[in-house]
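**Student:** Start from the sequences and build out the full structure, keeping to the hints where you can.
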Amino acid sequence: MLILTCPYCGVRAEETELAPGGEAHLKRVDPEGSPEALEEYLFHRANPKGVHFERWRHAYGCGKWFLAARDTVSMEVFGTYPAQISEPPQELIDTIRARRPGWEPV
Amino acid sequence: MSLRLSQGGRLIDRSKPVKFSFNGKALSGFAGDTLASALLASDHMLMGRSFKYHRPRGVVARGHEEPNALMNIGAGVFFEPNQRATVTPLREGLEAASQNHWPSLETDIGAVNGMLSRFLPAGFYYKTFIHPRPAWKHLFEPFIRQSAGLGKAPKEADGDQYEYLYQFCDVLVAGGGVAGLQAALRTGREGKRVLLLEQAAVWGGRAISDGDELDGQSAEAWVAQAVAELEAMANVTLCLNVVVSGVYDHGYVLAAQALPDHLPGGESPRERLWRIRTGKVIAAAGAIERPLSFAGNDIPGVMLAGAMRDYLADFGVVVGPRSVVVTNNDDAYRTAFALKAAGQAVPLIVDARPECDSPIIAAARAAGIEIAFGSAIAKVEGGKRVTGVQICAQNSAGSALREIACDAVAMSGGWSPAVHLFSQAGGKVIWDEASAFFRPDATRPPTGDDGVPFVSVVGAANGYLEAAQALADGAGEPVPDGVQAAIAAVWRMPAEAPAKLREKTWLDFQNDVKVSDVQLAAREGFESVEHAKRYTTLGMATDQGKLSNINGLAVLGDALGREIPQVGTTTFRPPYVPLTLGTVAGEARGPLFQPLRKTPMDAWHDSQGAYWEPVGHWRRPYCFLRGDETPEQAVAREVTNTRQNLGLLDASTLGKILVKGPDAGRFLDMLYTNMMSNLKPGRCRYGLMCSENGFLMDDGVVARIDEDTWLCHTTSGGADHVHGHMEDWLQTEWWDWQVYTANLTEQYAQIAVVGPQARAVLERLGGMDLSAEALPFMAWAEGELAGIPARVFRISFSGELSFEVAVPAGRGLELWQRLMDEGEALGVMPYGTEALHIMRAEKGFIMIGDETDGTVIPQDLGLNWAISKKKTDYMGKAAQARSHMTDPERWKLVGLETLDGSVLPDGAYAVGAGENAVGQRNMIGRVTSTYHSPTLSRGIAMGLVVHGPERMGEVLEFPQISGDVIKARIVSPVFFDPEGERLHG
Amino acid sequence: MAEHLHTEVTALEPCGMILLRGDLEAEWAPDLLSIMGYSLPEQRQVIQSEAGAALWFSPDELMLLCEAGSVAEAVVQMQSACREAQAHALVADISDARARFAISGPGARLTLSKLCPVDLSEAGFGPGHVRRTRIAQVACAFWMTGPESFELICFRSVSEYVEGLLRNAARSHMGLEML
Amino acid sequence: MQFRRRHSAFAIAREALRHHEGWQRTWEDRPLRRKYDAIIVGAGGHGLATAYFLGKNHGLRNVAILEKGWLGGGNTGRNTTIIRSNYLQDPSAAIYEKARSLYETMSQDLNYNVMFSPRGVIMLAQTHHEMRGYQRTAHANALQGVETQWISPQKVKELCPIINLDGPRYPVLGGLWQPRGGTARHDAVAWGYARACSDMGMDVIQQCEVTGIRSSNGQVMGLETSKGPVDCDKLGIVVAGHSGVLAEQAGFRLPVESVALQALVSEPIKPCMDVVIMANTVHGYMSQSDKGEMVIGGGADGYNNYNQRGSFHHIEETVRALVETFPMVSRLKMLRQWGGIVDMTGDRSPIISKTPLGNCFINCGWGTGGFKAIPGSGWAMAELMAKGGSPLADPFSLDRFREGRFIDESVAAGVAH
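Residue numbers (the working numbering), protein chains in the order written: chain A, 1 to 106; chain B, 1 to 985; chain C, 1 to 179; chain D, 1 to 417.
Source of the hints: derived by calculation from the structure; they are not laboratory data. Every value quoted in this text rests on a predicted model; they were computed, and no experiment measured them. A few of these clues could be false.
Pair ranges (Cβ atoms, derived) [unchecked claim]:
no., chain 1, residue 1, chain 2, residue 2, range
1, B, 887, D, 252, 56 to 64 Å
2, B, 366, C, 123, 53 to 61 Å
3, A, 95, C, 147, 52 to 60 Å
4, A, 103, D, 149, 36 to 44 Å
5, D, 224, B, 109, 54 to 62 Å
6, C, 123, B, 263, 28 to 36 Å
7, B, 264, C, 12, 31 to 39 Å
8, C, 14, A, 30, 31 to 39 Å
9, D, 168, A, 103, 46 to 54 Å
10, B, 682, D, 245, 52 to 60 Å
11, B, 947, D, 149, 25 to 33 Å
12, B, 985, C, 8, 52 to 60 Å
Calculated lysine-lysine pairs in the DSBU-like style (CA-CA distance at most 30 Å, straight line) [as the list claims (entries may be wrong)]:
no., chain 1, residue 1, chain 2, residue 2
13, D, 291, D, 155
14, D, 227, B, 137
15, D, 56, B, 155
16, A, 49, A, 27
17, B, 155, B, 25
18, D, 291, B, 384
19, B, 500, D, 291
20, D, 387, B, 155
21, A, 49, D, 234
22, A, 27, B, 870
23, B, 877, B, 680
24, D, 155, A, 49
25, D, 56, D, 35
26, B, 152, D, 291
Glycine included, C-beta positions come from ideal geometry on N, C-alpha and C.
**Tutor:** Next up, the structure:
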């Protein structure tokens, strides 16, 4: 039973107040994109044993989507951040590096 | 025999007798008794039958770890199987019955399995019952099922209530023994928010029964003082009768609160599930005593030494008068002292260790108790109760040196720290060679959401078994060395026991797993502890291996020639103690099972014969039954009346989402396949929404409200999903677009007023000009109807003249009632969802969920007209260009008419010639919607057919499950009024 | 047993409710609110003013409560004020979309603690706070209207379910006397 | 096939006379050799079945099955043991029916009693929509050679007397009945296959982790393992939730996400339920094991997870549904809950496919429905590995995602458990 802090309303929300939304920072492919790019966008997912960037919606709260960096094995949450960003913030990257020496963003 | 002594028993109130029954026999105990103590007090040592061999069994333990004394309790709606007698508080009128025997506890036919036990070793069923094939299902399996199982299956719904409770704290202390109390005192004094939970009805754990001395005072006095101090702290909450059941990720803890004062069927809940979120967990769950493995160690009268002490101290109950103590450690000596002090005879302490010394051994010698070091029990004599023991040397094959007549055997194989809570959330345990147990590895604890350890363990659970040690560990102080002599890692007695004895030496009492079974598993290559456990079922009984795990591991290690740490340990899974399913379900039963969404007109519908249909969480009238009508008759009447006169549909469940902002048009152009930005204010347009995978997801009418505002209607089931979908894209992809949305679904009641008389009835209400000129088809207007503020949309899903009127939800019923009143003269009738479906099918309109199933794209449905050619992009456009989506072989929408006018069955498939590569009949199409059309008096259907639109007039074959074939002709999906003339009234 | 934890659950009459979506940090926001007689609440706060309560719902969403009779006019007024200020905002009358309940008495906190995954201790939640969360299986929002009383709102369609939950949870607090 | 020692009642009687001290290892413990014709990574049910059929159907016996932990220790031993083939889409119905039919004779084929119990499976319809969906499935099944029937609520009650037909919310409207579906003893499936593979001369190697995949010119050459390097001509990756990790070693990505799926059992009670019931509207399914435990399937988490725990609220949702559907379970007790890591694909159907790496094949993505497929999956994977193509496997190839050629089972209102 995870607990994640919504960066919009500051609530430490438990999982039942949230809706999971899959991998974060996917790049939408429009009709100009190649079939390979489209397949990648629609189906290929990072599925790491370890640090994962993912989407959550504070569905039973403020309704906002936010992003989280979480370890898929230990469940450690390195941080949550607003969704209006196309890459994880540098600060968070630094935090993860400090906690997981040797880890590099893909 | 077992009996109650004339004095003693700190937990019972001898002034309050309590009547109960066991197997129909009236008995009596005292307030404060458990069922087990009360049964022992009346010489009922035989309490049940084992799982496999139906061996007679008595109580072994004091608490939740009890494997044998499981009872059927209560009757009717309060009946409960498999209740542990050791933790069932005795209450007036309690009805208990023992389990797993026929015809009676004393005489059990199933015991024949025991005589055949030689032919039924672990895993025997994998090796036999193979031939002939049907025999497994018809003969062997029914027999095995009937002889397995424990308690009876309840027959009725539960007569009690349950509920949840959310709690939050900084520190959760699980266990109110000495170490737990100390930990709560320490963290409480630091000002933390502390929650201290104890599974028993009293504080202090074992210390009081054991008569320990703490900080120079009696345990009783120490505990009372600690509890008083904790109760005085505002930041500490203490609660008894709450068992911590599981520790989960991120500091989530489940605990079950029993309410001993609850009366069956009473107003309070029977149990309450606490859902606790805590910063830290301090597990102080104590330790669990292990049995010793010797032949006949399951005969009633053989008990754990600590349990025997507890029954004496807590309830004044003994199995006696002669008890032999058998042990591999110092702790069991206390049982000998306690029994002696109560006037019982202890003819011998059988100590498997070579001669050793410690204060307690010295005290035993001083008290004149005979001790036989280096000795073992070769065999326990007796059947349904112990009559004596044969003593042999531990390092022997079991030849008896002497026989001692006795009534009871108190055994102790040492204690195992209760590491469950630590292990459940991912903590690792480590083997402590000197103490012969697994203890929590403080360097590998479970970590929380911040990556920091959040579970620590204190006291006996942390491997500090002696009271003085627990006291220090709980306080976070350096732990002094113990004064007891070292335990000997004796797992089987005697060491060289031959097969004949090992086959009568139990490891897991309830599941009837013997030493020989584990050895067999090892021999057959089930070397991993998980394999051995699954092969033998060791540790899988209702005590979840609390008594048997370590002994089983040791025997396995022995057989494999490996040390225990190399054999490994199994993972501890929640719950710590079995958890009532009703408690897990909480309040969600009956009317509270799931939310039921009701429209503002719901009560009216209910009073007018609504035949309900669940639609998502909504309930909607499928039809309105009049008199003796069947639903089919009602639906036909509703369709006919709507087409001929006037029908009303409660359309309030349709989603209504307001989309506003400078970029709203652009946004909707991305969301819908067709163009919405060029819709004119005051006008409506039907739109399709696809997923990024190209599949049709939702549809509905979009109305443009003003320059920068649109109102999007969605399907009833789709409102929340579509709103979430919009917010998703706005927040996470196009966050710089200036658009706000609001889900106004529940703000409005919406009524479809349908039929040739639709305009007439609205005009009677008065207030708005709804003439064809003022409100043409696919336009909307705002105003007042019957004095109610309203928006009127002139749209039609039935092909009839039709208006959808939206008013504030609070006035929906008023409008509905007015329409019924004014419409009476015009032939008004309400109609339900099925009439709606039929009328749309007669017109060839698709329905999301019928014509679509998550694999259908708009192009399949002939909806290309609703896909903008001008737009370079919309959700799903890229996906719709993939090869499988543009394949001309995709099945396309057509109408289907049976040749004989009958109704095609739901879901029927059309077949082509031959079979596919895996031998299945080739299918060339399927029915998506099928109805009897009251309007056309024949069956009509829509379907998807390969090359369908190019095959008009062809006849397809639809085989039935019965094998019969129905023939249907491909026709246009528009069955009725193809010119669309009726729209205009 | 636990009589001292008595809890009263009351279904309340409808009142006016206005949804405001817009950039609450924009200049026009406090002005608009003050014209209407409201103050701008901070994150997760409710502020009671002469016109009624203003509840913070999200960084770009407020709910304003008012008398049932004055909501229509207030909405029109706010919409035109937004237009004048050229503010990108959405104002809607949502008075009919929700049901309201009062939960009061010494057991009020406990009652909600059985249904909502929220720390309802005095340290965790107090007057002036508003919390959007779930109550059992549906969405809700609540805030305190007095030292021992809460107001809770939920969607209209599930009001019977929520009322059932509240009455059920308020029935008996046996065994919770120590909390 | 020939077994070193046949199991039978006679064999047990013989051994009983010598206190069962004459039994031998179920599968041999052999060292890893340098080179194999084929290596299967993953000794779960699917991996072992693949090896078994490579040997039995295609004569390939120089085969090793490598297992990081202990065989059958993943999802094979963590599921609710339901076997059914009443799927809607042709490719699914084909492979699951193949599997079901192989289960029928598995005990005899393997000379190991896997306790296949064809007690029948009912999928309840509790909404009109669900009813239409299952009627569609019944029609499709009739053409696919899968024996199913649409049955009335009364018949449901007859088959399962403990059910509450008149739940106030979702009265039972009927059910899709597959009389020859049922359950089997999950561990025995793995052990039986391991024994048969071992008896064919294959090496079952436990505690052997693959640390790297060697390739040359786009062809697989061999593996690096914790027990040393090994060469192979063909490689089959059959590691369920850990597929992503192996695929990364092989240099390709998969449309797969790993999540925790939970299950629980009650304490054992006397027989009260002779069929398997699945109630998808309320998300609950239940059967009773031969031991008497009520075996209950829970939901899957919506987030990536490798820790085999999962979130408790799924258990609560499932238990609520069951208390509503079978009110008598309320006073039973949950004995044990656990989770498994399941691999979910983009269309929730499995992948049995060639990969971008030559002679490297993958079998994964069974999501919540793997156990019932084991023999069919092994049959198809073995054929694909041996022949380069398989009518059963071909529709489940990786390229379907690029083409948009989904095999979506959720469309029948049923979920793929």
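**Student:** Would you mind marking each hint as holding or not holding in the structure?
**Tutor:** Do the hints match the structure? See the list:
no.: 1; hint: B:887 - D:252: 56 to 64 Å; result: 26 Å, violated
no.: 2; hint: B:366 - C:123: 53 to 61 Å; result: 56 Å, holds
no.: 3; hint: A:95 - C:147: 52 to 60 Å; result: 41 Å, violated
no.: 4; hint: A:103 - D:149: 36 to 44 Å; result: 55 Å, violated
no.: 5; hint: D:224 - B:109: 54 to 62 Å; result: 59 Å, holds
no.: 6; hint: C:123 - B:263: 28 to 36 Å; result: 35 Å, holds
no.: 7; hint: B:264 - C:12: 31 to 39 Å; result: 36 Å, holds
no.: 8; hint: C:14 - A:30: 31 to 39 Å; result: 46 Å, violated
no.: 9; hint: D:168 - A:103: 46 to 54 Å; result: 52 Å, holds
no.: 10; hint: B:682 - D:245: 52 to 60 Å; result: 58 Å, holds
no.: 11; hint: B:947 - D:149: 25 to 33 Å; result: 32 Å, holds
no.: 12; hint: B:985 - C:8: 52 to 60 Å; result: 54 Å, holds
no.: 13; hint: D:291 - D:155; result: 26 Å, holds
no.: 14; hint: D:227 - B:137; result: 43 Å, violated
no.: 15; hint: D:56 - B:155; result: 48 Å, violated
no.: 16; hint: A:49 - A:27; result: 22 Å, holds
no.: 17; hint: B:155 - B:25; result: 23 Å, holds
no.: 18; hint: D:291 - B:384; result: 25 Å, holds
no.: 19; hint: B:500 - D:291; result: 27 Å, holds
no.: 20; hint: D:387 - B:155; result: 55 Å, violated
no.: 21; hint: A:49 - D:234; result: 26 Å, holds
no.: 22; hint: A:27 - B:870; result: 24 Å, holds
no.: 23; hint: B:877 - B:680; result: 25 Å, holds
no.: 24; hint: D:155 - A:49; result: 47 Å, violated
no.: 25; hint: D:56 - D:35; result: 20 Å, holds
no.: 26; hint: B:152 - D:291; result: 13 Å, holds
Checked against the numbered hints listed earlier, the structure breaks hints 1, 3, 4, 8, 14, 15, 20 and 24; every other hint is satisfied.
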